[in-house]
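Participant: One letter stands for each residue in the lines below.
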Amino acid sequence: MNSIIDRIKQNRLWDFAGGVHPKQFKSLSNKHEIAEVGLPETLYIPLKQHIGVEGKLNVGVGDKVLKGQALTHSTNPFAVPIHASTSGEIVAIDEHVSAHPSGKPETTVILKPDGLEKWCDLSPLSDYQTLPKATVVEHLCNAGISGMGGAGFPTHIKVGSEKPIHYLVINGIECEPYITSDDRLMREHAWQVRQGIDVLMHLLQPEFAIIAIEDNKPEAIQAMQVACQDADNYLVTSVPTKYPAGGEKQLIEVLTGQQIPKDKHPIDVGIVMQNVGTCFAIADAVFAGKPLIQRVVTLTGKALKAPQNVWGLIGTPISHLLEVAQYQAKKQKAPRVIIGGPMMGFTAASTKVPIVKISNCLLVPANKELPLPQDEMPCIRCGACADACPAGLLPQQLYWHAKSGELEKAQAFNLADCIECGACAFVCPSNIPLVHYYRTAKADIKIAQEEKEKSDRSKARFNARQERLEREKQEREEKRLQSAKAREQAKAAREARNQTQEVDNASQEASPQSAPVENKSDKVAAAIARAKAKKAAKNAQDDAPATNSSEKTDDNRAKESAGKSTPEPTTGQSKDERVAAAIARAKAKKAAQNAQDDAPATNSSEKTDDNRANESAGKSTPEPTTGQSKDERVAAAIARAKARKLEKEQAAKEDANKLTAETASVKEKPAPKTEVTASQETPVKDASTPKVTQKPSANETEEERQKRVAAAVAKAKARKAERDKAKAQQEHQNNSSNSGEH
Amino acid sequence: MSLFMTSSPHQHVKRSTATIMRLVMLCTVPGIAAQTYFFGWGTLIHVAIACTVAVVTEACILELRKRNIELAIKDSSALLTALLLAISIPPFAPWWVTVIGSFFAIAFVKQLYGGLGFNLFNPAMAAYVALLVSFPVQMTAWTPPAQLAEQNQSMMDIISIIFTQFSEEGFSVTQMRAGIDGFTMATPLDEVKTALNHNQTLTEAFSAAQFTSINGFNPWTWVSLSYLLGGLVLLQQRVISWHIPLSMLGGLVVIASVFYLVDADHFASPVFHLVSGSMIMGAFFIATDPVTAATSNKGRIIFGASIGLWVYIIRNWGGYPDAIAFAVVIMNMAVPVIDYYTKPKAYGHDKQRTHSLNNQNGGAE
Numbered sequence: 001m002n003s004i005i006d007r008i009k010q011n012r013l014w015d016f017a018g019g020v021h022p023k024q025f026k027s028l029s030n031k032h033e034i035a036e037v038g039l040p041e042t043l044y045i046p047l048k049q050h051i052g053v054e055g056k057l058n059v060g061v062g063d064k065v066l067k068g069q070a071l072t073h074s075t076n077p078f079a080v081p082i083h084a085s086t087s088g089e090i091v092a093i094d095e096h097v098s099a100h101p102s103g104k105p106e107t108t109v110i111l112k113p114d115g116l117e118k119w120c121d122l123s124p125l126s127d128y129q130t131l132p133k134a135t136v137v138e139h140l141c142n143a144g145i146s147g148m149g150g151a152g153f154p155t156h157i158k159v160g161s162e163k164p165i166h167y168l169v170i171n172g173i174e175c176e177p178y179i180t181s182d183d184r185l186m187r188e189h190a191w192q193v194r195q196g197i198d199v200l201m202h203l204l205q206p207e208f209a210i211i212a213i214e215d216n217k218p219e220a221i222q223a224m225q226v227a228c229q230d231a232d233n234y235l236v237t238s239v240p241t242k243y244p245a246g247g248e249k250q251l252i253e254v255l256t257g258q259q260i261p262k263d264k265h266p267i268d269v270g271i272v273m274q275n276v277g278t279c280f281a282i283a284d285a286v287f288a289g290k291p292l293i294q295r296v297v298t299l300t301g302k303a304l305k306a307p308q309n310v311w312g313l314i315g316t317p318i319s320h321l322l323e324v325a326q327y328q329a330k331k332q333k334a335p336r337v338i339i340g341g342p343m344m345g346f347t348a349a350s351t352k353v354p355i356v357k358i359s360n361c362l363l364v365p366a367n368k369e370l371p372l373p374q375d376e377m378p379c380i381r382c383g384a385c386a387d388a389c390p391a392g393l394l395p396q397q398l399y400w401h402a403k404s405g406e407l408e409k410a411q412a413f414n415l416a417d418c419i420e421c422g423a424c425a426f427v428c429p430s431n432i433p434l435v436h437y438y439r440t441a442k443a444d445i446k447i448a449q450e451e452k453e454k455s456d457r458s459k460a461r462f463n464a465r466q467e468r469l470e471r472e473k474q475e476r477e478e479k480r481l482q483s484a485k486a487r488e489q490a491k492a493a494r495e496a497r498n499q500t501q502e503v504d505n506a507s508q509e510a511s512p513q514s515a516p517v518e519n520k521s522d523k524v525a526a527a528i529a530r531a532k533a534k535k536a537a538k539n540a541q542d543d544a545p546a547t548n549s550s551e552k553t554d555d556n557r558a559k560e561s562a563g564k565s566t567p568e569p570t571t572g573q574s575k576d577e578r579v580a581a582a583i584a585r586a587k588a589k590k591a592a593q594n595a596q597d598d599a600p601a602t603n604s605s606e607k608t609d610d611n612r613a614n615e616s617a618g619k620s621t622p623e624p625t626t627g628q629s630k631d632e633r634v635a636a637a638i639a640r641a642k643a644r645k646l647e648k649e650q651a652a653k654e655d656a657n658k659l660t661a662e663t664a665s666v667k668e669k670p671a672p673k674t675e676v677t678a679s680q681e682t683p684v685k686d687a688s689t690p691k692v693t694q695k696p697s698a699n700e701t702e703e704e705r706q707k708r709v710a711a712a713v714a715k716a717k718a719r720k721a722e723r724d725k726a727k728a729q730q731e732h733q734n735n736s737s738n739s740g741e742h
Numbered sequence: 001m002s003l004f005m006t007s008s009p010h011q012h013v014k015r016s017t018a019t020i021m022r023l024v025m026l027c028t029v030p031g032i033a034a035q036t037y038f039f040g041w042g043t044l045i046h047v048a049i050a051c052t053v054a055v056v057t058e059a060c061i062l063e064l065r066k067r068n069i070e071l072a073i074k075d076s077s078a079l080l081t082a083l084l085l086a087i088s089i090p091p092f093a094p095w096w097v098t099v100i101g102s103f104f105a106i107a108f109v110k111q112l113y114g115g116l117g118f119n120l121f122n123p124a125m126a127a128y129v130a131l132l133v134s135f136p137v138q139m140t141a142w143t144p145p146a147q148l149a150e151q152n153q154s155m156m157d158i159i160s161i162i163f164t165q166f167s168e169e170g171f172s173v174t175q176m177r178a179g180i181d182g183f184t185m186a187t188p189l190d191e192v193k194t195a196l197n198h199n200q201t202l203t204e205a206f207s208a209a210q211f212t213s214i215n216g217f218n219p220w221t222w223v224s225l226s227y228l229l230g231g232l233v234l235l236q237q238r239v240i241s242w243h244i245p246l247s248m249l250g251g252l253v254v255i256a257s258v259f260y261l262v263d264a265d266h267f268a269s270p271v272f273h274l275v276s277g278s279m280i281m282g283a284f285f286i287a288t289d290p291v292t293a294a295t296s297n298k299g300r301i302i303f304g305a306s307i308g309l310w311v312y313i314i315r316n317w318g319g320y321p322d323a324i325a326f327a328v329v330i331m332n333m334a335v336p337v338i339d340y341y342t343k344p345k346a347y348g349h350d351k352q353r354t355h356s357l358n359n360q361n362g363g364a365e
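Chains as they are written, first to last, in the working numbering: chain A, 1 to 742; chain B, 1 to 365.
Think of the hints as simulated: they come from the structure by calculation, not from any bench.
Sample of chain A residues at the chain B side, in silico, Cβ under 7 angstroms: (1) 377; (2) 379; (3) 393.
Glycine included, C-beta positions come from ideal geometry on N, C-alpha and C.
If we strip away everything but chain A, and leave its shape as in the complex, we get:
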């Protein structure tokens, strides 16, 4: 069907780079059947025996438990439960030395067996083929099955994947010297292993199951061949003995000639690998309903009188198994028990360390069997390590960098790809504990990364806080500015009113009719106002040619003046002001009419004229016809005049600046401000006579008489203000024309 399967069928396999051929010593322990051992006095069952998270305890101290009863539960997908390995009483739940290189204590259920071996109710799933996949997967999870080859990855996650699977690889390589647990298991329980494979085949639906066994285990190969002979797509394959052929990545390369791309998992390319021990446990769980409470443990090494394989209950302290295998203390000057094989195993911290789901071997070497580490000599760059490395790394470069703490360089040499198989240190003539250096460097890198993440997080937090503070500051500033502006506008509006009065007075002074107007003749005033309005319109038109170079500017100005005058009707709460606004509206109509009438006579830019008209309209021209307080009308007239004057000045200013329309509009912005400032200045300058200035605006609505007096005073005042203002504006003009040059 495809070349890979063809080659596997013809046993033409590939090879992986590097690798070593350590002496096997398998015959020490593979001679006898897997033995049952008696119950230990106490079982120490750690909560976490797999990669992932531990579950929550179901039981408490003093509880009686039955064999196979779940001790933990969890809804976390990366949690698998643990079970009572036998019936008995939970005497403690405490920290206990762990089956980990560090021996660091971890939470452990301590179980006193009652010797009855009474099982809890078991629920087999013999009809698994008819059940939904999820049910079977959940069953496997509940049975506490995690990979028994070494890493302890939860099996239900691997088999629960929805990715398409082409090959299910059953790993019966057992490439570590000394260990024979999988060998014995396959020899004695081939059929049950096959049943486990059947379950996996059903769950994963791969095209082929490849059962890979190293060629130093001919009996196991034969047993598996017999067990699988009826299934065409079960390929029992003999793999050349080379350490570490049993490594997941290496075995895949041997079988398929391809490598798993970095940062990918076998499942990403359609391969799932399971250990034979796991298959056995799966069959136990599905067909007998038994959870994972025991495993095959090889007891070997020349310091044991009776090396053998045994069924070790999970939680059995290693001291119990050493007794079973007749440990001979005198053969060990430095007592040492290796959990796992001689290449990747670790030394137990104490004999109370329990057997866990991944403990496949206890190796107890005699004195000269596996000599203690010798003095580390200088690296002579012989390159033997690089030749041995199955991951294609440069161990000596990694060593230099790891030793000198150059973690980044070590990472650049792909330290992360090191599988810690120990082949490099195995061949090193200088006795350099290379793997130890890599482990340390990896741990340092992990710590550094965690710290970096932490500092990144706090940095991000700090930055966010700074941003927030900055933002708040800006918001406050904006608010402040806005309120200041509002204040200024209000002030300006007030000011404008004041000045209107003044200007009006001034203009009245200038005209011969001013005297009678001043003498409280409403009609006359109205007439004057009308004339004034006309004149305003005309002026506006006259101004037009000068200003129409920048329509936009005019627009702005119009809005601006409008804005300035709007507060008057809306914010000026006094009844009089509202009346004034009504007058202004009427006036505006008229002014517009005037403007239109005059339009043909004057030049171009209707818009400008319109604006101007609107503007003048906005500028609340009092209508004399209505019975209004003279002061207000006067004020309106003054405002009008004032507005005109401002316009003129601005137009002049713009001409002076000779800016383009756009620039002008940009430039325009400061202008109103300055205007405001100018008008603001006025009251400040008038501060010498505050009574007078304030009075007309403050007391306007109160007493007619007072107002009249005030008006007279205001008139005088206005003149002064006018002058000041003109001065200020001229100054500003100079400034802005200066700044325009810059």
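Use these hints to put chain B onto chain A, whose structure you have.
Facilitator: Chain B in isolation, oriented as in the chain A frame:
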């Protein structure tokens, strides 16, 4: 029971650095024997001097550096360096040449860089180059094979020559170097170079006395073949890999063949180049020094072939008749670059070898 804790792997192959060094020394025995047989006792005397000086120097410097002397001496690396230097020195060279050379090799080339494993240059070859440049007369005073020499070369004569520069009978080094015909004898490489410089053809050059065969080969060829024997044992014992020796000899053969085919009158045959001088010895014993050679197999091939090329270039167009030391030292300098560019592809990083099962099966289905 408290348990002893060690780090994995717990199993090791039993071949220490010291074992490797001693194996290499052992494998020089056939070559040294041949050298002694044809060129007298001088070589052995120099070996003895060199080894003594090297070990003493190493001990003194380690003492100064406050390092473990015993551990470092036991690795035998200083002895090996001294041995390789001594067999490269002409038998009649004065004793102080060897003393200076050994001291320089250990003190400057090795220990000043940080000791074993840290030296950039091959200590024996760097010292040889230093000696050759400093004492060209003494360092080129190769003797004729004893069988062809005019003067008798007893052990006492040689000792006398080495320490006083005059034999027991009062002959000077120059007189001792004279052949049967009374002419001072040079090495074949030297002879060929001189002849070619005098516009002679190779045929004329090869008629000289030193090309006389003894037992089928000329003496220099015999020595080379003896070193080859030792080198093959090293290969068989997996002390060295084939990459450096083969590529080095191959590099030389390839370029020599090209020029030989173009102009056989002026360029010696590849076979002559292979068995002359210290080419064989260099390929198996010198260039394979792990400390100063490239570490990856690809790098080793580049390293070896480049040495072969340099040897040919210097032999033909350089100022010295032989060039192993120069070529090795030159390529020592290039090792970091070679190593950098010949990093092996880590598992899963090589795109061509990574898994494309999905594609394959996608096609098949």
